[in-house]
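From first to last, the protein sequence lines stand for chains A and B. Using the working numbering, read the first sequence as starting at 280 and increasing by one per residue. Using the working numbering, read the second sequence as starting at 3 and increasing by one per residue.
Among the clues, some could well be false.
Just a few of them, taken from the derived set where beta-carbon distance is under 10 Å, the chain A residues facing chain B [said to hold, decoys possible]:
(1) Gly555
(2) Lys558
(3) Leu645
(4) Val648
Everything labelled a hint here was simulated from the structure, so no lab data went into it. Ideal placement from N, C-alpha and C gives every residue a C-beta, glycine not left out.
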Amino acid sequence: MSLKRKILELQKKREKVLQGGGEKAIEKQVAMGKMTARERIITLLDENSFHEYDMFVEHEARDFGMATKVLHGDGVIIGTGTIYGAPICIYAQDFTVAGGSLGLMHARKITKIMDHAMKLRVPLIGINDSGGARIQEGVNSLAGYGEIFYRNTIASGVIPQLSVILGPCAGGAVYSPALTDFVFVVDKISKMFITGPEVIKTVLGEEISMEDLGGARVHSEITGNAHFYAESEIECFDQVKKLITYIPWNNSKKAHSFEAKEPKIDQYKIDEIIPGNPKDPYDVRDVVRAVTDDSDFFEIQELWAANIVIGFGRMGGQTVGFVCNQPLVLAGVLDVDSSDKAARFIRYCDSFNIPIVTLVDLPGYLPGVDQEHAGVIRHGAKILYAYSEATVPKITVILRKAYGGGYIAMNSRHLNADFVFALPGAEIAVMGPEGAANIIFRKEIMGAEDPEKMRKQKVKEYKEKFANPYVAAAKGYVDSVIEPEETRKILLHAIEVSQDKVDRKPIKKHGIPPF
Amino acid sequence: MATKPKTSTKASAIKEEEVSKVRFKTLVINDVKYKTLLTEKFKNREKWEEPNLKKILSQIPGTVIKVYVEEGQKVKEGDLMMVLEAMKMKNKIYFPIDGTVKKIYVTENEKVPKKHLMVELK
Numbered sequence: 280m281s282l283k284r285k286i287l288e289l290q291k292k293r294e295k296v297l298q299g300g301g302e303k304a305i306e307k308q309v310a311m312g313k314m315t316a317r318e319r320i321i322t323l324l325d326e327n328s329f330h331e332y333d334m335f336v337e338h339e340a341r342d343f344g345m346a347t348k349v350l351h352g353d354g355v356i357i358g359t360g361t362i363y364g365a366p367i368c369i370y371a372q373d374f375t376v377a378g379g380s381l382g383l384m385h386a387r388k389i390t391k392i393m394d395h396a397m398k399l400r401v402p403l404i405g406i407n408d409s410g411g412a413r414i415q416e417g418v419n420s421l422a423g424y425g426e427i428f429y430r431n432t433i434a435s436g437v438i439p440q441l442s443v444i445l446g447p448c449a450g451g452a453v454y455s456p457a458l459t460d461f462v463f464v465v466d467k468i469s470k471m472f473i474t475g476p477e478v479i480k481t482v483l484g485e486e487i488s489m490e491d492l493g494g495a496r497v498h499s500e501i502t503g504n505a506h507f508y509a510e511s512e513i514e515c516f517d518q519v520k521k522l523i524t525y526i527p528w529n530n531s532k533k534a535h536s537f538e539a540k541e542p543k544i545d546q547y548k549i550d551e552i553i554p555g556n557p558k559d560p561y562d563v564r565d566v567v568r569a570v571t572d573d574s575d576f577f578e579i580q581e582l583w584a585a586n587i588v589i590g591f592g593r594m595g596g597q598t599v600g601f602v603c604n605q606p607l608v609l610a611g612v613l614d615v616d617s618s619d620k621a622a623r624f625i626r627y628c629d630s631f632n633i634p635i636v637t638l639v640d641l642p643g644y645l646p647g648v649d650q651e652h653a654g655v656i657r658h659g660a661k662i663l664y665a666y667s668e669a670t671v672p673k674i675t676v677i678l679r680k681a682y683g684g685g686y687i688a689m690n691s692r693h694l695n696a697d698f699v700f701a702l703p704g705a706e707i708a709v710m711g712p713e714g715a716a717n718i719i720f721r722k723e724i725m726g727a728e729d730p731e732k733m734r735k736q737k738v739k740e741y742k743e744k745f746a747n748p749y750v751a752a753a754k755g756y757v758d759s760v761i762e763p764e765e766t767r768k769i770l771l772h773a774i775e776v777s778q779d780k781v782d783r784k785p786i787k788k789h790g791i792p793p794f
Numbered sequence: 003m004a005t006k007p008k009t010s011t012k013a014s015a016i017k018e019e020e021v022s023k024v025r026f027k028t029l030v031i032n033d034v035k036y037k038t039l040l041t042e043k044f045k046n047r048e049k050w051e052e053p054n055l056k057k058i059l060s061q062i063p064g065t066v067i068k069v070y071v072e073e074g075q076k077v078k079e080g081d082l083m084m085v086l087e088a089m090k091m092k093n094k095i096y097f098p099i100d101g102t103v104k105k106i107y108v109t110e111n112e113k114v115p116k117k118h119l120m121v122e123l124k
């Protein structure tokens with residue numbers, strides 16, 4: 280055979296694999312409103328940047344009539360490419376090939392690209408669209424999942440891992456995304472659960488649709504499993520691409536820096552955003568926009584535990600992670616979910632050399648039997664742990680209220696913050712004036728002729744004496760009381776001088792965070 | 003698979019333009035009344051009730067296989083009350099305290115959800 284014919288043969292072989300599961304299966308995929316695996320990769324990555332490997336891998340299953348079945352690429356596509364020039368390792372499960380089911384070779388392809396990502400030290404993106412374990416391959420399929428989970432865990436904190444859920448991802452399969460840094464879901468397309476509606480119905484008699492059990496909205500609003508919610512695959516890919524611009528390729532690099540831009544200060548003025556009365560709400564995201572380059576803020580887990588806000592922005596062209604109490608929702612309290620949300624993000628920023636700016640305005644922890652019984656002690660402790668452990672630059676601005684345990688938790692000086700600033704309206708105290716006065720002056724209030732009048736007077740006294748930033752500043756707990764419009768300038772300086780921060784902790788295998 | 007199309011589109015927890023219009027609720031923390039929005043999860047949180055041992059609730063959804071007592075019968079703590087099949091297991095349910103069976107709310111072969119009142123003692 281001449282080389283030319285051999286080339287033709289290769290081209291033919293490629294052609295076949297590129298057909299995936301064949302026309303009918305592709306039609307079905309399209310009918311479900313989904314792109315094919317290859318279309319997804321090509322849409323997500325830079326033009327012509329995708330290079331595929333292991334195209335000709337074949338499964339080795341012999342039981343249950345599998346020996347004669349040809350599964351192109353064994354139901355998964357792996358390769359490398361770039362996003363805005365950033366190198367990426369990627370895999371995408373192909374639902375058109377045996378429902379994207381995971382067999383031994385399918386899993387081997389995934390673990391191969393994961394190993395590549397670790398060696399090359401580049402981000403790994405997984406596109407999940409699979410019916411689950413390939414039952415015909417039995418325990419080999421389970422082995423495959425386990426080997427993926429192990430690699431997810433080892434890669435955690437070394438390279439960014441993104442999971443894009445574009446179809447079913449059920450049973451054991453859900454634990455790979457759960458172990459990765461960011462999970463993307465799309466309305467009506469993503470489905471994630473451990474046990475599906477069928478089993479729930481048979482075993483427990485409870486009837487629920489897939490969408491209501493583990494659809495995109497459920498994981499974005501209720502469970503907190505997902506970080507980004509989109510209405511279409513295209514919107515989802517835009518989110519993935521945008522995220523890639525904010526994060527470094529690996530844990531020994533810094534995120535790519537961009538040209539610095541001024542915020543839109545005519546639109547976002549901190550002194551106009553924050554009401555003087557600490558009981559009044561406002562959207563803390565506007566305060567973030569008042570300090571970030573171009574007033575840009577890329578929020579994460581926007582719909583879940585909205586009483587805390589997390590996300591990325593840039594300051595002076597450099598990525599900054601923001602953690603902010605949100606007075607607009609539940610008065611910005613810390614509770615089980617918001618503690619989990621913030622703690623994980625803090626650890627993400629710490630792993631990937633992203634400075635953390637914390638904006639504080641909270642009345643404390645949320646009271647309630649449900650919270651106590653849900654373990655707000657151990658969940659709340661996560662946020663203390665995450666801040667204390669973090670060695671990236673940690674800068675705090677106390678915007679208004681900072682009461683009690685909430686004050687300590689929100690990256691206070693006491694947890695080894697690098698800089699703590701406070702606006703003049705800040706109230707740093709053990710609790711709100713009303714509560715404090717009721718306790719401290721109980722006798723005076725009870726014994727007064729007009730207790731209500733006395734209470735008001737005592738609250739006023741307490742407010743004047745303690746509801747300010749100066750008591751804390753007098754002890755050095757606050758480094759500087761600043762004017763609202765200076766905030767950006769001061770944050771920029773704090774980040775700049777912290778560039779080469781070194782904070783060595785005692786050598787240990789690892790800590791024991793209150794998981 | 004049948005999925006209900008949801009009417010709401012991408013709902014940011016709070017849309018910016020809503021901030022000025024929204025009707026805020028009150029949340030009291032340490033005697034301070036805050037104006038704020040409440041989340042669905044907060045609104046739907048389970049109210050705590052003091053456990054009442056006389057009202058025996060199902061701990062897990064399942065099927066009542068057999069009931070071993072009758073109304074009016076005197077029972078002792080640890081007596082077998084019923085077998086509830088759940089998760090393919092036949093679970094024996096025992097009386098938690100001494101008493102007299104006031105009412106039985108379930109019948110054999112009945113499917114019960116979680117926290118369903120099954121038997122009441124007096």
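Enumerated hints in conflict with the structure, sorted upward: Hint 1 contradicted; others consistent.
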